[in-house]
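**Q** Construct the complete structure from the given sequences, taking the supplied hints into account.
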Amino acid sequence: MLSFWKRWRSPAMPPPADAQDALETDLQQLRQTAPVPAIWLFGKTGSGKSSVIRYLTGAEAAIVGEGYRPETKSSQRFDFPNTLDRLLTFVDTRGLGEASYDPTADIAHFDGTTQLMLVTVRAGDHALQGILEPLQRIRRACPQRPVLLLLTCLHEIDGAMEIAAAADPFEEISSSSLLTLDKNSPAGNVSQAAATTIPPALATQIERKLSQFRGLVDGVVPIDLTQPEDGFSDPNFGGQRLKKAILNYLPHAYRQALLVLNNPLQVEETQRQRKARWQVLASSALAGTAGAVPIPWVDIPAVLGIQTHLATKLAQIYRQELTAAHWAVLSSAAGSRIAVRMAFREALKFIPFVGMAAGAASSFAFTYALGMSWDWYFSGLRQGGTPTAEELKKVFDQQLQRGRELWEAE
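For the sequence shown, our numbering gives the first residue as -11, with consecutive numbering after it.
Quick caveat, the hints were computed from the structure, so don't treat them as lab data.
Here are the simulated DMTMM-like cross-link-like pairs (lysine to aspartate or glutamate), alpha carbons at most 20 Å apart as the crow flies:
| hint | residue 1 | residue 2 |
| --- | --- | --- |
| 1 | 232 | 396 |
| 2 | 382 | 393 |
| 3 | 231 | 393 |
| 4 | 263 | 48 |
| 5 | 381 | 393 |
| 6 | 61 | 99 |
| 7 | 231 | 48 |
| 8 | 263 | 309 |
| 9 | 263 | 67 |
| 10 | 231 | 396 |
| 11 | 61 | 90 |
| 12 | 232 | 393 |
| 13 | 232 | 206 |
| 14 | 231 | 67 |
| 15 | 231 | 206 |
| 16 | 263 | 54 |
| 17 | 61 | 121 |
| 18 | 232 | 222 |
**A** Structure below.
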């Protein structure tokens, strides 16, 4: 990144062509080493894998469907929001339940590249041998990788439609064996722990799954993710519980991004605004990763490069030209405070651990604030307005506070 830093001329002008080339090379190296979470989805077709992706990301079904590309002979890969600027990577295994499925190739390919495995099983599915046998081999090959069992389609069980209409009964037993399944946890506790709140037929199915998957998974999360038009009282039943379980396994910068991925802004978002927000979150997470470098001053070129790339991407999303006048307004969003805060932040890096936290947190928050204020600016230009530098600074201040809250949120 030092090559880009030396070539940087003025914050009011875009970098020259040679600096852009050096920047892209350095950013690509950072992207390859960034701890972008890769989640292995393991379940039969129709077990709710796509619903899980849609809930976690907020992406529409069409975007999820079009985003897949082949990864191995029996798997597909989906980078969100795109392959270049990733927040999450999902790998979807196909062919489960078929006699021809052999997990050998997937084990070799994904053992070193996936950090979490989500096994999706319909609560009422009894034919699970095609899931259990390959999962046993996968678990033996990489026992340290956490595995969560997601019990889906709860509404298909008799009486289960009633649970979404009242308080979530599974929250009451989140500390029991239901969410902390291990080899030594006793069986048959679910109906006893919540016999008055969980329909008997559903409790029976859950107990059966607890027994079948004992020793193969680290936790069990019951969810019922449906479409609003299906008419259920809570189409995202168990969604927050699922997100909370996943957050425990994600790098800090990416945990913060996931917290707000499927929480839209107060106003109704357009698809363009949603893509812009995804881009801001992806860049903020990457900046947080770069900001954690425990060597004073080394990360500043990287963070500036990420922010420059973000400005360019947002302009493209809103189909606006990045003129010298635009660059001048964009660079004025935070004023001189960026230089002062960066200097203070870099000084903190001489204190072990404290410095790393300060660098990552401030890089995330500042990049988020810049991105959201630039998003507001380009949106205004597209609508025919003329946003001023003073207005942009006010938006930046508001979003900086929001960025800090996201980083601190758990």
